[in-house]
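2 protein chains.
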Amino acid sequence: MTTKTITVVRDLLATNKQAAAAIREELRGRGILCVNLLSSPGSGKTTLLEALAERFRGRLRMAVIEGDIETERDAERIRAKGVPAWQITTGGACHLEARMIGKVLGDVPAAIDLLFIENVSNLVCPASYEPDERPRFVLLSTPEGDDKPAKYPQAFLSADALIVTKADLLPYVPFDPARAAAEALSIKPSLKVFTVSAVRGAGLDGLAGFLVESLERLRSGRA
Amino acid sequence: MTTKTITVVRDLLATNKQAAAAIREELRGRGILCVNLLSSPGSGKTTLLEALAERFRGRLRMAVIEGDIETERDAERIRAKGVPAWQITTGGACHLEARMIGKVLGDVPAAIDLLFIENVSNLVCPASYEPDERPRFVLLSTPEGDDKPAKYPQAFLSADALIVTKADLLPYVPFDPARAAAEALSIKPSLKVFTVSAVRGAGLDGLAGFLVESLERLRSGRA
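The listed protein sequences correspond, in order, to chains A and B.
Note that the first sequence covers residues 17 to 239 in the numbering used here.
Note that the second sequence covers residues 17 to 239 in the numbering used here.
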C-alpha cells in the first residue's frame, strides 16, 4: 500500500516536472520573465499585481495567470487594469500544476515582458510543486504575524524573495518586520526582502527595480 | 495510472474515515465536545483559543491539539494559559489526519470538557479530510478580505460556524462583514456567524454561549 502510493506520487511529480521544464524552456525562448507568487489567502497577491500594473503601464507589458479553487474574481480585477489575465480554477486542487499552466500558455501574447503566476493561496502545497519558474516570491502580510517563516519553512526555502505586504497596517498589528526578515533569512540566507504597501504605493521602487534587473539578466542570457 | 491513483486515494481516505469514527466514538463516550478550527495562516486561531482559555478559566476545562507543519510555538502559547496542549508537527503534510489525532488522544486527561483541534493553517486541504468532529469552525480574519467564502467554498460548506476574527482591524481594512456573512450563508445557509476581536475580548459572549450549549446537548444525548 505505502509503496504503491509513493510510486504513484513520484510518477505524477515526474510528469509535472517534465511539463514544467518544457514551459520554462518556452518562456525563456520567448524572453519572458515568469514570476511565481505564493502566499496565504488574503495576503495581497492580487492587490500587489494591481499596483505593479499601474507602475509598469506604458513601460513593461504584463500578463497574469491566476490560480484559484473557484471564481474568476482575481482575473477580473487584473483585467480591469488593462492587463491580460487567465483564470485557472482548480475545482478543489490545492496548487497549480505545470500542465494547467501549459494549457493557457498558447494564449499568452508573444509581446509580453513579465508573466506573473498567482498560485492557489496556500502556504503549504504549492511550495513543493512545479511550476518552478524563477523568481519565486513568497508574500507575508503583516496581520498574519511575524512568526510564520519557521512554521512554513518550505514556502520560504523555495522562494527567491520575501515580500512583506500590508505595511500600512503595521501600527495596528503585532508584527516586527525585523523579526520576520531575520527568521526568513535564517531559513534561506540568499532571500531578498521587500516591504511594501500596495494600496499606498510604498516600497514598490525596490521591487520594480528587482523585476527589471531580472528581466534584463534573462534577456542578456546571464540568468 | 488514473484508476490506480484514485483507488489509492480512496483507500487512504477510507482508513482515515475509520480512524476518525473511532475517535468520535471515544470522545462522545467521554462526554468531551471536540471543536475543529480551520483557517488560513495567521487568521487568529491560537489567539482565539487564548481568549477562550481566559474566559472559561475555572468554569470549563479545555485542552488543545495543535497542528502545524513545524514548530511547537502554538502549543507553547496555549500552555502559557494553563491549558494542556499537544503539538503535532506534520513535517510537510498540509492537513491533520485522524490517526495523528489518535496518537495523542490517550494523553488527553479524562476530566476535560472541550477539546479544540487547531488544524494546519490552510483553507483548502483540511476541508476535505477527517477529523470531522463537530462543531467545525472556519475562521476568516478581516484583513483577508470579504471575498473569500466563494473562493474557498468547501471550507465554508464543511463548517458549522463562521467566526469573523480581528474585528478590531475593521476601520483599517476593506472588509464588509455583511458581505462576507451573506456570501458564506449562500454557500451554507445553516452556518452560524460570530464576529469577534479576541485581543479586545469583543463578541466572545455569543461564541462561548454556543460552545456551552453544544456541550450540554452532547451530554444530554441530544447531539
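Warning: the hint list may mix true and false statements.
[Said to hold, decoys possible] Result set (DSBU-like, lysine-lysine): computed pairs, CA atoms no more than 35 Å apart in a straight line: (1) A:K204 <-> B:K119; (2) B:K208 <-> B:K97; (3) B:K204 <-> A:K204; (4) A:K33 <-> A:K208; (5) B:K119 <-> B:K204; (6) B:K33 <-> A:K33; (7) A:K204 <-> A:K33; (8) B:K119 <-> B:K33; (9) A:K119 <-> A:K204; (10) A:K119 <-> A:K33; (11) B:K204 <-> A:K119; (12) B:K97 <-> B:K33; (13) A:K97 <-> B:K97; (14) B:K119 <-> B:K97; (15) A:K97 <-> A:K208.
Hints are computed from structural coordinates only; laboratory data are not their basis.
List in ascending order the numbers of the hints, as given earlier, that are violated by the structure. 3, 13
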